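On the provided structure of chain A, position chains B and C with the ligands as indicated by the hints.
Protein sequence lines correspond, in order, to chains A, B and C.
If you read the first sequence in numbering that gives the first Met the number 0, its first letter stands for residue 0, the second for the next number, and so on.
If you read the second sequence in numbering that gives the first Met the number 0, its first letter stands for residue 0, the second for the next number, and so on.
If you read the third sequence in numbering that gives the first Met the number 0, its first letter stands for residue 0, the second for the next number, and so on.
Just so you know, the hints here were simulated from the structure itself, not pulled from any lab data.
Please read these numbers as outputs of a predicted model, since none were measured by experiment.
The beta carbon of each residue, even a glycine, is placed where N, CA and C say it ideally should be.
Certain hints may be false.
In silico DMTMM-like links for lysine to aspartate or glutamate, alpha-carbon gap of 25 Å or less [said to hold, decoys possible]:
(1) Lys-61(B) with Asp-937(A)
(2) Lys-827(A) with Glu-807(A)
(3) Lys-246(A) with Glu-221(C)
Simulated restraints on C-beta separations [unchecked claim]:
(4) Ala-237(C) with Gln-809(A): 53 to 59 Å
(5) Ala-237(C) with Ile-671(A): 54 to 60 Å
(6) Asp-151(C) with Arg-230(B): 56 to 62 Å
(7) Ala-7(A) with Val-111(B): 46 to 52 Å
(8) Arg-208(B) with Gln-329(A): 38 to 44 Å
(9) Val-266(B) with Arg-4(A): 45 to 51 Å
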Amino acid sequence: MSDQRAAARPSPKVSDEIRQTTCYMCACRCGINVHLDGGKVRYIEGNRDHPVNRGVLCAKGSAGIMQHYSPARLRAPLKRVGPRGSGQFEEIGWDEALSIAAGWLAPLRETAPEKLAFFTGRDQSQSFTGWWAQAFGTPNYAAHGGFCSVNMAAAGIYTMGGAFWEFGQPDWERTKLCMIFGVAEDHDSNPIKIGLGQLKARGGRVIGVNPVRTGYNAIADDWVGITPGTDGLFILSLIHELLCAGKVDLDYLCRYTNAGFLVHDGDGAGRGLFLRGDDGKPLVIDRATGKPAPYDAPGVKPALTQTLRQAGVSYRPVFQLLAETYMDAQYAPEAVAGRCGIPAARIRSIAAELARVAFDEEIVLNRPWTDWKGERHQTMIGRPVSFHAMRGISAHSNGFQTARALHVLQIVLGSVETPGGFRFKPPYPKPPEAHPRPHAGATPGQPLDGPHLGYPLGPEHLLLDPQGQPKRIDKAFSWENPLSAHGLMHMVIANAHAGDPYRIDTLFLYMANMAWNSSMNTAQVIDMLTDTDESGEYVIPRIIYSDAYSSEMVAYADLILPDTTYLERHDCISLLDRPICEADAAADAIRWPVVEPDRDVKGFQSALIELGVRLGLPGFVDAKGDAVYEDYADYIVNHQRRPGVGPLAGWRGDGTGAGRGAPNPEQLQRYIDNGGFWISHIPEEAQFFKPWNAAYQGWAVERGIFDAPQPYVFNLWLEPLARFQRAAEGHGDRQPPDHLRDRIKRCFTPLPSWYPPFEGETVDLADFPLHAITQRPMHMYHSWGSQNAWLRQITNVNKLFVPGDIWEAQGFAEGDWAYLTSHHGRIKVPVARMDAVNGQTLWTWNAIGKKRGAWALSENAPEATDGFLLNHLIAELLPPKGDGLRWANSDPITGQAAWFDLRVRIERATTRGPSEPRLPAQKSPVGQGPDRLTYGDDFT
Amino acid sequence: MHPAPSVIFFTAFSGLGFGLLAFLGLGMPDVSGWVAFAFFFIGYALAVGGLLASVFHLANPKNAVKAFSQWRTSWLSREGVLSVAALLIVAPVALGRMLLEAPGQALWLGPVGWLGAVLSLGTVLCTAMIYTQLRAVPRWNMRLTPALFLSNALAGGALLAGQVRLAGVLMLVLGAVQIAAWIKGDTRFAEAGSTMETATGLGPIGRVRLLEPPHAGENYLLREMGFRVARKHALKLRWIALGLMCALPAVLLLAFPAGHALALVAVPSHVAGLLAARWLFFAQAEHVQALYYGRGPAKV
Amino acid sequence: MTGLPDRTEAKLGLVIDLDTCVGCHACVVNCKEWNTSGHGAPLSDQDPYGADPSGTFLNRVHSFEVQPESGCAQVTHFPKSCLHCEDAPCVTVCPTGASYKRTEDGIVLVDEGDCMGCGLCAWACPYGARELDLAAGVMKKCTLCIDRIYNDNIPEVDRVPACVRTCPAGARHFGDFADPESNVSRLVAARGGMDLMPEQGTRPVNKYLPPRLKGSVEAQLEPVAEEPKGLLAWIDRALGAL
Ligand SMILES: Nc1nc2c(c(=O)[nH]1)N[C@H]1C(S)=C(S)[C@@H](COP(=O)(O)OP(=O)(O)OC[C@H]3O[C@@H](n4cnc5c(=O)[nH]c(N)nc54)[C@H](O)[C@@H]3O)O[C@H]1N2
Ligand SMILES: Nc1nc2c(c(=O)[nH]1)N[C@H]1C(S)=C(S)[C@@H](COP(=O)(O)OP(=O)(O)OC[C@H]3O[C@@H](n4cnc5c(=O)[nH]c(N)nc54)[C@H](O)[C@@H]3O)O[C@H]1N2
Ligand code: SF4
Ligand code: SF4
Ligand code: SF4
Ligand code: SF4
Ligand code: SF4
Ligand SMILES: [Mo]
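Isolated chain A, as found in the complex:
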């Protein structure tokens, strides 16, 4: 404590040393300066030079000290000694832990590799974990995308070769109007805030479409309090308005989209497919000649309105079909207003505002560029309207089509990849054709026949056995969800428990709290994890889990591989995976041990490498059986995916290689010297129109992003969907089971369409009249935030926010509690009033509720006594239909978990807490945190 007045200009020493690495409190991956004083972390700030955060840091990042020194950190490998769920463990050494794991897995690999299901959470090493799983040979690998936002990702890839977040971003510097759908926080946490701040400082406008008016929607100049699940209708109505007014960018549509592609408009197996030339290239009618021509031939200008008749079939340009579909009266603002909860006049004025800014406030950059057909353009014309969207539209059972509708909206406005619009970040744009197809060819003792995940282009790419049964435990790429490009992690436990499609032996999870907030139907998932068969064995016989902290999931595993914290390990944020690129640059980054672990823990990827060596997996051992990589750091530097292309793009070869080059032993040090990241700017003329810009395509090849240029056009019409529709109609040799035919016919429309979310269609709406959704608090990351002494002071209970009218009708008063009931269950929750919310929507903060005993918190922590999870009400299956069959509570196209389809009713409870269900406490393997903190004492 200072005993004197501050000097007039005090200038104390801040720290001994600054080490620059990458934050990990969320997937935004900001650059951080870690100040060390006496070997302890004294202060963490944003790295000003870092492309992602440019110096700023969010609340979670700033609370990194408390995360890193959390009392909930696991200290050593754990072997379960009590029953599952009890939290009773014995600490063991790494050698024992890895030999137990190898002992379980080696026989599986030799006999039935699919009996290992390996699923990982929101980490950033999927290209590595996927490679491990491929080498092991199990088809059952995926990361968390299925329960997260695969609708958004897949709709973006299929429509335009990339979506939001790491795929792309609004042109924040130039955009004048930004419309945000269903975003509370998102992965691009800091960049979105930086961007919105810049936009506002320039006097631009923000329109927020969200049932709840907090956060970004609170600062939006215009807030559209939409009824959940109806964004697709609203967007299609905006398109309707734009079409009626002729406010579409025709030149853009002709050049860069499949608007002119000729679609088979007759009957039969060819319906909905493109007319193609002999070389398989889709054809358009050339406006100059009036004749069919390949769409990509130089000089060809596609017609948008003419119909072609050939061999008795009429072929009509996509645009014609699009205009007919969306100009239909069913999409008129008056027709959708009631369902969307948005007055027709507002829909009209928003459409007009979009059109005005896009066309009347056009931006022109004097940057000559050459397109893929060799045509030189003197300027870059921009439409300064931009869009961003996230789980609010994607976490619905109509999310894929809604996200597609949004992309079609921005495409008809001509704003994608133009100045002021939406811009891709490398390695995107990348059309579905440039991605792999999914693989599930498992052979005992052999690696899998290809990468697990990919983008099917038709029924032929589904992963089905000869009986038509799914090959994967999560039923990804089956008829239930053909385009499940990220797998379905949320179905793994339920399917493994039911033995449907088959039983597994070992469930290996990494970094996902599957016994808690990332599962639907949490209480029953816990039962499935602890359920035993007649012989008293667990139905899911073995569970291995890697976590860094004492989470709920830890208690349900048999073997725990404790991870380091983010300041203690190597990581790479790779172009092969989910890099940190910007629209103007390719960039990747590392984490490195800026402090050494003080516990017997190991970076998970290094542990996985050791396990791979023990199992003798190809790629992990050489011909003599010796380890190829010592640890993950060694892998990062020396692994090559393709010759010259490895996990990190920077400083390859002799140190000058950018993207391509031999492994460079100095590489990690070069990253460290550069602040933990590498960046390579895209030349000016290549910065826009990337899918069609010859300079960009060439640059991307140079950087190792692709091996050959791959220009393409945007898919207004999505032909693969038509292929699935035809199969459902009975064409082709692969057809869906009968109970799914109607659904596929209805939902797989090649032009985006809207259908009501499934849960609302299945339950009695008189019984469950209200919507219930969650939002992410900006200062909390899923379940991990609550172990953080600083963050949990901000939020340690989540109340259910109730719209004013319902509040009054129910006679609620401050401090009241309520019962919330869905078709699936009933929970008891504390309530609070809110008026700035859609009148039929209840909401709460996500993942604040905790199980007693977890996270080194006391058992009477408010998170456990008053906090709650909505997940208990969300079932992974919808109620039985008339035919007795139960559909998954997922998008029928991608399998994305439909978290936000939930329908409920609310009743006032006459008593107060605790919240229900009240589950028994788990024992903490790490004890409980201290009862007082004076962190800064360490530095005086």
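Here is chains B and C with the ligands on its own, set in the frame of chain A:
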């Protein structure tokens, strides 16, 4: 405001103590020897005890001596300085009186005693001003607050000093001031004009309501300044306080012949009433910063 | 001395833009992080992993709902720290002289070495900007990051308060209000910067920029066609012109 026992005891007992010392300084009653000792002992015990109680309110009492330094600006500092001055000046009077064989002698004590009385009442005034000066607590921020503290000290002091009839009259005055302070106090928050709208500057847009507090649990600010009593509860307590502090003692003092038995009832009654009134003084005082937590003034 | 200076050479303070603040709490936590090992005693936390966690923070973000006369309710996220008032009542009440307002730059500080923890300054502050640290027993408040803004040990660009440097949305601005040409003075002039609780007579240095007017732009599109045929004909003409 949080009705912390330390501040309640501090203000109540130091007020009583200095009130008594003021009377003793004035030679009312004119006492000597052991009787003087007893009176002065009570006066000092209450005054010093009250001051000591205030030390319990300090989170870092080792710096308490520094509190004498800021008498030019701070009422709390002035109170400290004056209280010590009063205790020091009264001390020779007390000693003198104890050494006297009989009352009425040594008139030289008079002027010093009068100075002591002025300083004692000055101390009470400073105590009152600590609260009165706080614009952020509108209920205290009015002239009636010093009037209340002074009439409290005078009535209590007179009672303890055995000035039966005077005490009886002062009890009535105190009752009147207390009632006035309550009535006026109830409107002060509104008069001060601070609302959630002015606090946030959002008034031009519309009516403001707290949606979410900045932190989930209590904190220092809320524990200290977020305290609220229910109106019904407060009203009941006011009657009790008034009855015990003023009405009962006044009736006893004015309607009955003086005597020790009377004191045995009147003094505890007054003190109990005073403590209740002081509890209310704090508990009912709404701080404007609670507006940021959506806690406006309790409905009146 | 707890007398207030008649005038200060500079008037350093913050502008907080309520139109831009998204309520992310970044400034809250970064302030805590910087200051817990910065000027004065650590900002302690009580029961941090228990049933009733609380601790000292120098900056907190409230969320308010505002109901206009007509139209839907709005939400405003509202950060609040010491406003470094010109007529700072917290200073004049302080009996020990621990609280003071600097003549150099107007920053209101507590000298923890003098503070006796009486809490009176917190009572005097209308804004709830002072918090008594329960472990150290001394009063804590925003220092305007005095140990950053003049600190030669950190790069010049970073010599701004921690909360300003970290704010992702750029909703916080730091500068000298005594200089009419400073960034903060300009913002206040351009955007109608306001005082909180002016009726308290504290004359805060920090200013708040009010949220901009909300609501749809009234606009209307001219239809070129009612049905697809008409549109396609129109498009033919338009394409012909391209
Ligand atoms: N009701 C509802 N439920 C939802 C959602 C919703 O919006 N509403 N959102 C869904 C979505 S999008 C997602 S992504 C999921 C997220 O759900 P989860 O992926 O389960 O998220 P977390 O709770 O963050 O769990 C991650 C686990 O990783 C651990 N961990 C943290 N750091 C490390 C580390 O360095 N190494 C290792 N090995 N482990 C670490 C944490 O301790 C934690 O146990 O939740 C889903 N669930
Ligand atoms: N701070 C923080 N950041 C995170 C995370 C975190 O836990 N904390 N999690 C990360 C993860 S895994 C993910 S997936 C992303 C998710 O990022 P977001 O998509 O921003 O996450 P959510 O909080 O689920 O936001 C969903 C929003 O959609 C709204 N919404 C719900 N239904 C509808 C609807 O039908 N229509 C519209 N228009 N809106 C709707 C909700 O009100 C909410 O505002 O965030 C990432 N970033
Ligand atoms: S947004 Fe926050 S938590 Fe996420 S990486 Fe950046 S600083 Fe870390
Ligand atoms: S950091 Fe900025 S945007 Fe976030 S709460 Fe603070 S002022 Fe608001
Ligand atoms: S805001 Fe409060 S603490 Fe800060 S100077 Fe003003 S009165 Fe004092
Ligand atoms: S708490 Fe400290 S700074 Fe505040 S008034 Fe008391 S002595 Fe002064
Ligand atoms: S200026 Fe410094 S001390 Fe004040 S609120 Fe900002 S970060 Fe905290
Ligand atoms: Mo997610």
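Violated hints, by number in ascending order, as checked against the structure: Hint check: nothing fails, all pass.
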